[in-house]
Structure formats: C-alpha cells, structure tokens
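Read top to bottom, the protein sequences are chains A and B.
Position 53 (the first sequence) corresponds to 53 in this note's numbering; numbering is contiguous.
Position 483 (the second sequence) corresponds to 483 in this note's numbering; numbering is contiguous.
It is possible that part of the hints are untrue.
Said to hold, decoys possible - Derived CB-CB ranges, DEER-like:
1) A/D183 - B/A448: 41 to 47 Å
2) B/P41 - A/D82: 57 to 63 Å
3) A/T224 - B/L372: 39 to 45 Å
4) B/P325 - A/R247: 44 to 50 Å
5) B/A448 - A/G83: 53 to 59 Å
6) B/L372 - A/G83: 40 to 46 Å
7) B/L372 - A/R168: 46 to 52 Å
8) A/G181 - B/G434: 34 to 40 Å
9) B/G434 - A/E146: 24 to 30 Å
10) B/G447 - A/R131: 34 to 40 Å
11) A/E244 - B/G434: 24 to 30 Å
Derived from the structure by calculation, the hints contain no laboratory data.
This one's a predicted model, so the numbers in the text were calculated from it and none came from an experiment.
C-beta atoms are modelled at their ideal positions from N, C-alpha and C, and glycine is treated no differently.
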Amino acid sequence: MAALVTLRLGYLYPDLLNLYGDRGNILTLVRRIRWRGLDVVVREIGLGERPDFAELDLVFIGGGQDREQALIAEDLAGVKADGLRAAVEAGLPLLAVCGGYQLLGRFYRTGDGRELPGAGVLDLWTEAGKRRMIGNVVIETDLWMEEPRTIVGFENHSGRTFLGPGCRPLGRVRVGGGNNGRDGGEGAVHRSAVGTYLHGPVLPKNPRLADWLLERALERRRGTAGLAPLDDAVEVAAHHAAIERARATRR
Amino acid sequence: MGAGLRGLLGLWAGKLAIAASRTLGRGGSSFPGRLARRIAPSLTAWLARRQRAGIMAVTGTNGKTTTARMLAAILGRAGYRVTHNRSGANLPGGVTAALVDAAPWLPRNELPGGVGLLEVDEAALPRLAGELRPRVVVVTNFFRDQLDRYGELVHTVELVRRGLAEAWPAAVPGAGAGAVLENAAAVADVAVAPTAVLNADDPLVSWLGEGHGGQALYFGVADPSLGGADRSRAADARHCVRCGYPYEYTAVFYSHLGHYRCPDCGLTRPDPAVVLERAEPEREGFRVRIGTPRGAIEALVPVSGLYNLYNALAATAAAYAFGVPLEAVAQGLESYTASFGRMETLPVRGRDIVVALVKNPAGFNQVLDAWLAAPERPRRLLIAINDLAADGTDVSWLWDVDCERLGAAADESGWIGCAGIRAEEMALRLKYAGVPAARTWVENDLGAALDRALAATPAGQRLWICPTYTALLELRRLLHRRGEARGFWEV
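Could you put the whole structure together from the sequences, leaning on the hints where they help?
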C-alpha cells in the first residue's frame, strides 16, 4: 500500500441537515477508511463558509426539515454552488441524501408553481407532490457488477424528482417509490456524485456503496483505488434484514 | 336523560368487548374503544362531560405516561375520582376505552369529583380535544419521534397547536351533534380555552404559548448545574422556531432543553411559574424543591434520570393549574410508582430486570446514561428493536443515539444482546460505535433472546432491557405467560 493517505471528508451543514441518522453516513466512511489503515479528517462546513471543494476528497450533504432547507438553499446557491459544481465536474465524489439531493438539483417547483432555484450541481429537478412516499426501499444498481447489486434504505419524501440528460438513475426500484413513483428510477449519478432519497442511513448497510465512493476518492487522490476487503458479515446481515422488511411491509 | 339509546349501546358493546378481551388475557387492545366509537360517535364527549371536575390531557413526545401516572397519584391524594388510561393506550380507541371501562353500565349524568386524566397522542389531539374539552392540557416536550408517521417535528407542534384551539371552540356546540350531547351544555356552560401547561425549557413547546387563546402556565428547571454533557447530535430543535437562527444557550439540560434565546429575533425562554429549584440525588431518587406562585414544595421523588424530574415538574404544574393543594402534590409525587417499561425493576427467575422503553434518541440516551451509571459489573444489556407501526417503521433514529459511549463500556465479560425484528440494524449500529463484535450477539426472537440473556445473568444480578414499544408489549406478554409479571390492565 502507498504511503499513508489522509482523506478529507467535507460534511455540509452538519448542524442543520442531520435528520434521519445522517451522521451514520459520515461514521461509516470514517470507520471504513480507518479499518484500512488510512487516515481521515472530517471538515464540517457551515452557513457562509466558502471552502475550496477541489481540495476535498469526498463531500456529504444530508436532509433536513423544510425550515432548515430553506436557509440552506440560499447559502448553497449563493456561496457554494460554483465551487462545488466545478469540483464535481472534475470528479469529486459526493453523496447527497434526501433534502440535500433535492437541493443540488436545478430547481424545486412548489405546489403553487413557483420555482425555487437549486445549486445546479446535478441535472435534475423536483416538483412538490401531494402524497408522501414513506417506507423501506430496495433498488438494484449497475454502479458495480458483482452481486449483491441491491441498495436498501428508507424513503420519506413528497417531492417528485426527475432526471435530465446529465444524470442517470442510481438504480431501478424493486420495492418502494423511488424518485417520483412513476419511472422506476431511484437516485441519480453524475460522474462520481451520487444522489438518493434513501436514508436509514444509507451507507452502513450498503457497504459496497460506501466503498464505491471511497474508491473514487482514492483514484482521484493517488491514481489507484486499492481498497483492502473487510469482514462485512454484520453489514450484510443488516442489508438482508432490510430487504426482508421491505418485501414484508410494502407492495 | 343520559347517554341516549345509541350511547348506551356503544357503552355496553365497549364494556362487553373489554370483558371479553380480559377473559382472553389480551390487555392493551384498542378494539373495545374503537367499537364503542363506531357505534356511538358522541359517546366519548358525553362520558368526558360526566367528569364534573373536568378533563386533564397530557401530550408531547416523551414522558406522557410517567407524567400522567404522577398526576394520578397526586389527584388521588387530593380526593378526586380519577379515570385514567393508565396502560398508555393514547389513540382515540384507547382514550374511549378508558372512559367506557370506568363508567357504570347505567351511568348517571355526572360523577362528582370525577377527573378524566387522559394521555393523548400528539396526532390524535386535534380530534380528541374537541370531544374531551380539557380544562388543562399538559405538553411535556417535542423530541424527534416516529417521523415516518407525522412527517416532521414542526408538523407535530402544529398538530398540538390545533388541538389546543379545538379544545374549546368559540362556543359550546349545541345538542345537535347527537342525543348524547343533549345535556353537555348544562354541565359545561361557559366556554373557556384550556390552560396550557407548557415546558418553558423546550423552545418548540413554549412556542405554543404564542397565540394560545387561553392561559399558559410554564414550568422549567432553574439550576444550570443539573445539565448533563451537551449532546448536540441528539438535539432536534437547536434553531429558532420563529426565524431559523441558531439559539444561544446559557444552560443545556439535555438534547434541546435548556435556557435559550434567539440572538436574531429575540425569542426567549419564557419565565416559568413552576420551577425546579433544586434536585439532589439520593439512593431512592431525587430530593426536589419545586417553587410555585402559591409556595414551594419539597419531596423525595422515587425516580432516576433528569427526564423524570421534568415529568415530576410537568405533573406539579398541571396539578397547580387544576387547583390541587400543594400538600397533595408533594404526597402524590412521593407515592409515585413506575409503570412497566419506565425503568421499573422487577424480579424474574431470581434476577432483577430493569425495563426501559426506548423510542427516540433523546430517551435512549437518557436510559444509556442510567445504565452506564449503574454499579453492576460486568454490564449486561438486551436491546429489542421492532419496526412495526407503533414503533415507527423507520429505524434511522438508532444512528442518532450516542452509542459511541458503549464501546468502552462493554468491557471484559460484559455484553449487549440485540433482539427484535431489526436486531441486525442495532448490531450494525454497535459495530460502527466501536463495540467489539465479541461483546455483542443477535437473536431476533425475543423469547429466545430473553432466555439467553437471563442465562448469562447470574442469580441475584441485574439485567437491563431496552425495548421499543411493541417489543415492550411482547416482553410483557412473555413474562405474563411465564407467570412473572402482572396482567396488562393491572400494571
């Protein structure tokens, strides 16, 4: 293994966007980096700050309540959008969950037809919906080829998200609602950026997705991914339990 | 004239269903109440109106059951005849069932000295407040709880605000609503908004005082030294509910409860009238001094955990608002006994088990505090996580619990067992919290997990069990079947 690498994780708005166990995603990344003998620092990024996103190795943004998200929409668009967009285009790995996923899109159309501008980092948009999609979700991704290709989590959103040509879905819905309950897609992928409605949080019981992000970060940092395998028996057990619950509770 | 024929039919059907459910040994069913409501939609309002002293409703995300039980002890001391949904069944069916169960088969119009003490689910409050028309509504706190049912925390706050408004609409509705209501106006002829008894230290709760049509009475903790370590991660509402700016805190008691002020819009913690001035831990509980505008009370409250002091404070404030003499308040608090699942200790097969219901991060953290402070070595803990509707189907909240402290605690021969439908998720949470794999085990079936945990607990030692709501019910059934615990309705 190469000389000691310190990965820099950017955690956007940890105080404001911490709904649904979001910090479990950061915890998972940190643990899985350290278990490989690598080092990691987490840089928390708040309102008004203008970090150099190109200097970071991976960025996470979670979900919040409506009130918090309104505050953040303004800050994202005003202070952060340009830097983040450029870094993502240059290959910065990013995970955006639920509210953060919506905020990174082009706009959010409210029930009365107003369009609230998003950060425009991902080519997608969201429309307010009446019925909330709530429950366990199973999707199947083509982000990697080996089995299992399922990603599991919990969704709770009324927004309907639609992808433009600049994004492809993270996966096809097997159980649950997904982006909009209509086209069978869930989440979005653009270069090394991933958006999804799945919280739960999503990374602990989807270790392959966590490692996919870490591989992209290491490739960008040192040219090769080279992640040592881990004993994921506990993760896999939780993954399967979540699939069983999804099958038992929905459809 | 009383309940009218339809009301009587609903009452009798409900009472028969309760008797049948008891014979079958199935406590906790809300079916009898739902049946009575279906047959006689206005029965609940009529039965509530029979309580001459009025109705007291307790709502909020945490501490409803404990606060109501403390109030039951207080009101009993003061000589009231208390009708109480003590099992904690707090949806419309459960509330109606409690009123039906307490009523005689041929009820007279009024019950002198009668108080309906009713724990009410936050989401059910708008509907039930209109039927119950409480004199006093206590709001304990708002923690993130079962978000998948109600959407978001602020939405829950709005539900309770609506409930307060529904409790006494501008005028008393006439008898047109149904025969059952025909004498209601005579019993309660003056329309007054209820007194809202609000937690001053919870910014989401105290906010309800703004724009409330009736009186608001606030309770709060004065002594900043009672605050625990600041666990900002479990905080649900650290941002101003009015303008979104982060609060400044001069004291944090736990989660988002404390002395707060918004530096931007100036929203400030209201000055509470009922104040916890002092609390000193003793072996049997806390010795407290609580100030009220009518004087202070001193009592030894047999509870552990700061959150239970908030419950005692809420009960004191509600009793004060109801006009209960302070002496009865002190006596009631001292005679309080915990209910099943509220950190009560009970003997099982020569071991002591401590059962503590967990349902959200703030509550779970408080239970873990108590477990970590307990003297037993090695430490033993059984956690049972279900994800049925009554538990909240989203188990994400486990990741907001401060489990990181457990990594160092499960030392030497200590262990943490994970049971229930989502045992694997809990085990995963513990792995990422740094608890060594050798110190945890998974057994989905609660009966098997209980056997395993008891076998690994030497006789005379203590085992702690943290179940979610439906796992708690299952545990109670298991113990009952084995002759270890009292029946549900006796608890």
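Now the hints, each set against the structure:
1. Separated by about 44 Å at the C-beta atoms, A/D183 and B/A448 satisfy the suggested range of 41 to 47 Å.
2. Remark: the range hint 57 to 63 Å for B/P41 to A/D82 is upheld by a beta-carbon distance near 59 Å.
3. Take A/T224 and B/L372: their Cβ atoms lie about 44 Å apart, and the range 39 to 45 Å holds.
4. Checked against the given bound of 44 to 50 Å, the beta carbons of B/P325 and A/R247, roughly 58 Å apart, lie outside it.
5. Range check, B/A448 to A/G83: about 54 Å between beta-carbon atoms, so the 53 to 59 Å window is met.
6. In this structure the supplied range 40 to 46 Å holds for B/L372 paired with A/G83, their Cβ-Cβ distance being about 43 Å.
7. Checked against the hint of 46 to 52 Å, the pair B/L372 and A/R168 passes, with Cβ atoms roughly 47 Å apart.
8. Evaluation of the 34 to 40 Å hint for A/G181 and B/G434 yields a pass: the beta carbon distance comes to about 39 Å.
9. Checked against the given bound of 24 to 30 Å, the beta carbons of B/G434 and A/E146, roughly 29 Å apart, stay inside it.
10. The hinted range of 34 to 40 Å is satisfied by B/G447 and A/R131, whose Cβ atoms lie roughly 38 Å apart.
11. Range check, A/E244 to B/G434: Cβ separation about 27 Å, and the 24 to 30 Å hint holds.
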